[in-house]
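> Listed here are the chains, written in short residue letters.
2 protein chains.
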Amino acid sequence: MLMYRRLLAASATLALISGVAHAQDTKTAEGLRDKALLDRTAWEITEDLTTSIGPRIVGSPAMERAKGWGEAKLKALGFTNIKVEQFAKSSWTRGEESAWLVGPYPLKLNIVGLGRTLPTPAEGIEADVALFRTYAEMMAAPEGSLKGKIAVITQPMVRAQDGYGYGVAGVSRRAGPAEAAKRGAVALLIRSVSTSDSTVPHTGVTGFGPDVVTIPAAAMGVPEAEQLERLAKKGPLRIKLKLASTTDANDVAWNISGEIKGSEKPDEVIVIGGHLDSWDVGTGALDDATGVAITTAAAKLIGELPKHPKRSIRVVMFGSEESGGSSEAYVEAHKAELPKIVLAGESDTGADRIYSLKLPAGAQKHPIATTAGNLLAPLKIFVNRDPSAHGGSDIEGLEAAGVPSIELEQDASRYFDYHHTMDDTLNKVRPDELAQNVAAWASFIYLVADSDIDFRAMKPASAPAAH
Amino acid sequence: MLMYRRLLAASATLALISGVAHAQDTKTAEGLRDKALLDRTAWEITEDLTTSIGPRIVGSPAMERAKGWGEAKLKALGFTNIKVEQFAKSSWTRGEESAWLVGPYPLKLNIVGLGRTLPTPAEGIEADVALFRTYAEMMAAPEGSLKGKIAVITQPMVRAQDGYGYGVAGVSRRAGPAEAAKRGAVALLIRSVSTSDSTVPHTGVTGFGPDVVTIPAAAMGVPEAEQLERLAKKGPLRIKLKLASTTDANDVAWNISGEIKGSEKPDEVIVIGGHLDSWDVGTGALDDATGVAITTAAAKLIGELPKHPKRSIRVVMFGSEESGGSSEAYVEAHKAELPKIVLAGESDTGADRIYSLKLPAGAQKHPIATTAGNLLAPLKIFVNRDPSAHGGSDIEGLEAAGVPSIELEQDASRYFDYHHTMDDTLNKVRPDELAQNVAAWASFIYLVADSDIDFRAMKPASAPAAH
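So the protein lines, in turn, are chains W and L.
Numbered according to numbering that gives the first Met the number 0, the first sequence spans residues 0 to 466.
Numbered according to numbering that gives the first Met the number 0, the second sequence spans residues 0 to 466.
Just so you know, the hints here were simulated from the structure itself, not pulled from any lab data.
Remember, it's a predicted structure, so these values are computed and weren't measured experimentally.
Even glycine gets a Cβ: it sits at the ideal position worked out from N, Cα and C.
Take these hints with a grain of salt, some might be off.
Label pairs and their calculated CB-CB ranges [what the hints assert, rightly or not]:
#, chain 1, residue 1, chain 2, residue 2, range
1, L, 138, W, 51, 29 to 37 Å
2, W, 331, L, 107, 32 to 40 Å
3, L, 136, W, 146, 57 to 65 Å
4, L, 43, W, 136, 21 to 29 Å
5, L, 327, W, 139, 56 to 64 Å
Dumping the calculated DSS-like pairs for lysine-lysine here, alpha-carbon to alpha-carbon at most 27 Å [what the hints assert, rightly or not]:
#, chain 1, residue 1, chain 2, residue 2
6, W, 233, L, 74
7, W, 74, W, 260
8, L, 233, W, 74
9, W, 107, L, 107
10, L, 239, W, 107
11, W, 74, W, 306
12, L, 34, L, 260
13, W, 264, W, 34
14, L, 107, W, 239
15, L, 233, L, 146
16, L, 232, W, 74
17, L, 74, W, 232
18, L, 309, L, 260
Could you build all of it, start to finish, from the sequences and the hints given here?
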């Protein structure tokens, strides 16, 4: 009840200072919103990218084809000022991989090498297992205590709407190999960072680079991890792991962009996008063909209006999210322009429905919060008053450089069932939820693009009262 | 409404002729039912078999370990007259397998060779694709028309509570390779016979033997099949398939059994069971560790009663269901005893809840139908009046020899998501539903075991009125 009265009070306060958007703008935004729900563009983009190109890891021939695809797509959809910005990015190519439990009895384990992992020797690594139920349990093991062993971490990931469990469980993947190496392990096998109960293993980048002392590392299916846990209670385990891969330090990647040119202040730019690269398993449907599709389709719908909004909208297909690099490259290439980038946002958590809008810090009590709340309510999206918007990996560089960012938070309950696996495929995308995403992006971005709102000028609100 | 009135009329009629079971029997059966819901034996058997033994294909060292496991388990649970009946069964062992789409672009396909398939040459088979959306579409292709091609069938399977879709879609797996061979194909790749949307491929036996002219054949994941369908609309496809396997014509298998000896007519026997063998992928949890566990736990609970029922209950762990053989071997070994086997039943559709009891033909209007209906109603099981009970693959031989059979029909809605895959693992078993299965088997089998009911003597009811 207390919470309910607070919400009423907040609404009343905001109603008083509302009215930032002209009535005509709101009407246009609502029209975009409703049109987007029936628009097929995002579905067609997703289907075309996943089918015509397939998986597209940085440095692969597929990624080179994706570059051409992206340029052609932006052109075909009426974008202008199309750019392909190349940057240096080393590549990593997966070879043959396998793992077997060899004792107490032979059992094939479904595994995938972590992204950028070191390979094993060609004959593989066979060793006794040191099994840890959590990452913290392994961290408590003294240096040298895992000498000659294969470390196994079986920590599960918690399903949460906001994807919070990914950060918690993901540390095994990101830092696990280097930490296991410190303790003397010869290889690391983790339970997939996954909310599913499936055998399909999840890859994803791990610590790499010339300064990282690490060991070969892979992720196994969830049933395999649970089987090892049960078997470890009965006696010692022994595993054989083979991982092959090659790298090319001199490879390149590209950030590709196109614009809907602003009608009054074309040099003021809103940057939105997703990432074009994917892992080499599955077809990168939810990660992140749909992000590219949602933002591209949203901008395209705005571009089809009789009159473009005041400011320009730029869609960026980032070229190296999975292994990092596109964010830094984008900032580097747009240094001079940074003060004119008025807002940034990325769609990179699949295609399930958006449930929350987070505004840049300081905007929580600005009338745009109420206007946006009214606009998005029919899509079942609330405005989250918590000023913690994180726009996505590819715009972290922009954020660090002072560019305000928004977050249109997607329901991640199902996302980590498929994330970074062979099951990240078109049949996991729900067309109606995809369209709801486009409706939110098109209508909200239009509202900001046709306004003079300066998020940079807003002071962060005081800390919210304890509740 | 019409259906509702008919049900009322049927209940009334049956109530009049009810009373076959003594009140004490019904009370004992109800006690077993309620006790079983809280009993952990079936879970412990399932966990132990899948963990300690793992996958156990006929002819494997694991299956030999499973034989010892089965004997020891029956002994430990108090069964008597334990037998290990050996029979000849050729074995088939899977080797390395892989498949790649090589044109229009390289894409790894998640595949599994069909059970008992021929291998490809060591270098694999690479050929152009002839894609068919249904099995019937391929059957319509003239002989010789697939010469030199890899045939691909992408027919999906329909999800249905009674598993009906398995029969429809499964023909691609069972007969597809031989039919594709007739038309000149060099290999066959089918969409997995699966209700899931997962990349995990489903194996299962295909036509084999000295008289079968066939070709190497495998099943691919569902997303892969849908990807090939979409790509086939754009242009020609080319696939490379590698399958390795070995066979041993002189191998053996075992039917293992133990009894709860009847207190008055021990020579009258009720045969129940599941199959101990599994495919070599996953750990055969739902297929069929749970069937073994459900029937063993049910009989064990009956065996713990202060007084055993009149007739004997025999639990059989059949030794070669997946590739066939245990049913015939069982009949052959028990020829002399057949007239004394008063009823047979098998649990072999996973561990999800039972929703229907089908009685032997002729028993639909016998008072046992009403007694059983009352007994099972709290478990949310109805008595299906359709006289079409099919007891399961391993008791087909008994049925053909005139042994009456029952079916405790499990909800198969989810079963074919995991069936014959690496995902058939313990974490797909729901303990509460497993216990509901045990409750149904224990209480119903007790009722028949402590009765003089002679299903053989019942005349099949006249055909039901059209409805």
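> Each of the hints needs a verdict: does it hold here or not?
Here's how the hints hold up against the structure:
{"no.": "1", "hint": "L:138 to W:51: 29 to 37 Å", "verdict": "holds, 31 Å"}
{"no.": "2", "hint": "W:331 to L:107: 32 to 40 Å", "verdict": "holds, 35 Å"}
{"no.": "3", "hint": "L:136 to W:146: 57 to 65 Å", "verdict": "holds, 60 Å"}
{"no.": "4", "hint": "L:43 to W:136: 21 to 29 Å", "verdict": "holds, 27 Å"}
{"no.": "5", "hint": "L:327 to W:139: 56 to 64 Å", "verdict": "holds, 57 Å"}
{"no.": "6", "hint": "W:233 to L:74", "verdict": "holds, 21 Å"}
{"no.": "7", "hint": "W:74 to W:260", "verdict": "holds, 14 Å"}
{"no.": "8", "hint": "L:233 to W:74", "verdict": "holds, 21 Å"}
{"no.": "9", "hint": "W:107 to L:107", "verdict": "holds, 19 Å"}
{"no.": "10", "hint": "L:239 to W:107", "verdict": "holds, 23 Å"}
{"no.": "11", "hint": "W:74 to W:306", "verdict": "holds, 19 Å"}
{"no.": "12", "hint": "L:34 to L:260", "verdict": "holds, 21 Å"}
{"no.": "13", "hint": "W:264 to W:34", "verdict": "holds, 26 Å"}
{"no.": "14", "hint": "L:107 to W:239", "verdict": "holds, 23 Å"}
{"no.": "15", "hint": "L:233 to L:146", "verdict": "holds, 22 Å"}
{"no.": "16", "hint": "L:232 to W:74", "verdict": "holds, 24 Å"}
{"no.": "17", "hint": "L:74 to W:232", "verdict": "holds, 24 Å"}
{"no.": "18", "hint": "L:309 to L:260", "verdict": "holds, 8 Å"}
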